[in-house]
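Based on the sequences and whatever the hints tell you, model everything.
2 protein chains.
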Amino acid sequence: MLKFLNNRRTIRKYKEQDVDNGLIEKLLEAAGRASTTGNMQLYSVVVTKDEAKKAELAPTHFNQPTFKNAPVVLTFCADYNRFNKWCEENEAVPGYDNFLSFLTAAIDTLLVAQTFCIAAESEGLGICYLGTTTYNADKISDILNLPDYVVPVTTITLGYPDEAPELTDRIKVGGWVHYEEYKDYDSADIKRVFGYKDEMEENKKFIAENGKKTLAQVFTDVRYKKADNEFFSEAFINLLKKKGFLK
Amino acid sequence: MLKFLNNRRTIRKYKEQDVDNGLIEKLLEAAGRASTTGNMQLYSVVVTKDEAKKAELAPTHFNQPTFKNAPVVLTFCADYNRFNKWCEENEAVPGYDNFLSFLTAAIDTLLVAQTFCIAAESEGLGICYLGTTTYNADKISDILNLPDYVVPVTTITLGYPDEAPELTDRIKVGGWVHYEEYKDYDSADIKRVFGYKDEMEENKKFIAENGKKTLAQVFTDVRYKKADNEFFSEAFINLLKKKGFLK
Chain A
29 MLKFLNNRRT IRKYKEQDVD NGLIEKLLEA AGRASTTGNM QLYSVVVTKD
79 EAKKAELAPT HFNQPTFKNA PVVLTFCADY NRFNKWCEEN EAVPGYDNFL
129 SFLTAAIDTL LVAQTFCIAA ESEGLGICYL GTTTYNADKI SDILNLPDYV
179 VPVTTITLGY PDEAPELTDR IKVGGWVHYE EYKDYDSADI KRVFGYKDEM
229 EENKKFIAEN GKKTLAQVFT DVRYKKADNE FFSEAFINLL KKKGFLK
Chain B
29 MLKFLNNRRT IRKYKEQDVD NGLIEKLLEA AGRASTTGNM QLYSVVVTKD
79 EAKKAELAPT HFNQPTFKNA PVVLTFCADY NRFNKWCEEN EAVPGYDNFL
129 SFLTAAIDTL LVAQTFCIAA ESEGLGICYL GTTTYNADKI SDILNLPDYV
179 VPVTTITLGY PDEAPELTDR IKVGGWVHYE EYKDYDSADI KRVFGYKDEM
229 EENKKFIAEN GKKTLAQVFT DVRYKKADNE FFSEAFINLL KKKGFLK
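Residue numbers (the numbering used here), protein chains in the order written: chain A, 29 to 275; chain B, 29 to 275.
No lab work stands behind these hints: they were computed from the structure. Because the structure is a prediction, the values reported are computed rather than measured.
One copy or any two copies: either way a pair holds, since identical chains are not told apart in the list.
Here are the simulated lysine to aspartate or glutamate pairs, EDC-like style, with alpha carbons at most 16 Å apart:
1) K275 with E262
2) K241 with E229
3) K240 with E117
4) K167 with E262
Given below as structure tokens:
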């Protein structure tokens with residue numbers, strides 16, 4: 029299993045081949061064995077295969093080729109709606125209209141999403157997470173017709189791999205594990221943890237392509253900009269309010 | 029793999045046997061292959077084995093026997109601190125002092141946490157997630173000495189299993205998968221999805237023990253109460269502000 033996990037790759041290019049709904053449900057069933065808070069299973073998954081629906085969703089994922097090219101898209105949603113309805117049908121008054129409950133449901137949802145991915149990869153499928161989900165969760169919510177207490181948390185594209193990419197780099201475990209207490213990073217630590225990235229040819233190329241001086245500047249000035257982060261923060265907070273998770 | 033995932037159990041009772049740090053780091057290494065936003069790896073893990081440190085943490089997890097009994101505890105933290113420092117060391121101005129960035133880091137963190145659990149289980153270890161982490165994240169943060177831009181998201185207890193519990197129930201995939209659009213649940217759907225729970229002997233016993241009329245009331249009136257959720261919501265939001273993720 030460790031060898032399998034250590035060799036996984038995110039797949040962004042898929043064969044045209046469909047993924048059978050029976051297989052998707054089998055993978056979801058295994059994913060559903062992940063730990064869940066109080067066995068409440070506070071998630072729902074919306075499977076998108078229909079071309080018209082995909083075309084509606086595409087702009088919310090910035091029309092990424094990965095999205096457009098994928099035969100299947102799964103939107104994993106934090107869902108207290110179903111549980112609340114169960115409470116109401118059973119003479120109980122739910123008290124989940126608050127931020128903690130959103131967080132609880134989001135955690136449940138992400139454990140299922142990741143277990144789904146590992147299950148899918150073990151069956152020869154490839155996946156890619158779309159971070160755009162939290163950017164445009166409000167628009168995705170409208171398109172997928174999500175009711176109150178249901179918020180998209182992440183999206184996965186799924187299909188049979190049509191590429192075999194190299195393993196991407198990772199900082200070493202020593203760079204992110206702490207024993208007993210968090211030991212903050214000084215200048216030398218940062219160099220020790222991240223330094224190897226500066227030496228990578230592909231990063232040098234990436235910096236040049238973006239007309240920047242350092243790799244970090246590509247992140248702060250091009251890929252994940254403050255103004256965008258603030259704009260999408262506000263949109264997500266407004267969605268939490270609209271869906272009933274924040275006053 | 030599916031068989032393995034379908035048969036996993038949460039383990040709450042552990043042998044006294046230590047878990048070797050070398051093995052923990054091997055598992056973390058495999059976990060670190062999980063997808064991560066822009067390869068930023070926005071997480072840190074604090075490993076707790078020291079009895080004094082465990083005793084400090086125990087009340088934040090309500091002194092659960094699972095916590096006290098575990099030889100190892102891992103606190104998984106959303107971490108923008110390391111990345112921010114890297115930016116600052118590289119002539120870049122980080123713009124991650126906002127809610128979206130917390131959410132991004134929390135997602136990264138949970139994918140790693142869940143991959144770690146699957147890796148650990150595949151090596152014969154047992155795990156239990158502690159939902160108390162988001163309740164007392166502020167106190168945990170103080171005890172683990174977490175700096176700004178680092179917030180605990182989940183905790184896992186780890187050890188060699190000293191119990192062999194039954195599989196817990198799950199609602200069927202048909203109860204939480206939707207095709208193309210979310211189909212909201214009516215009264216009959218709720219009965220179809222959750223109805224089996226009412227028939228379970230252990231649930232009938234659980235309802236009686238708690239002096240309630242329905243299982244849902246045990247959740248709303250005993251286990252996950254509105255007043256508690258609101259109290260812990262405020263604490264977590266305050267922590268996000270304190271750590272720099274919310275204005």
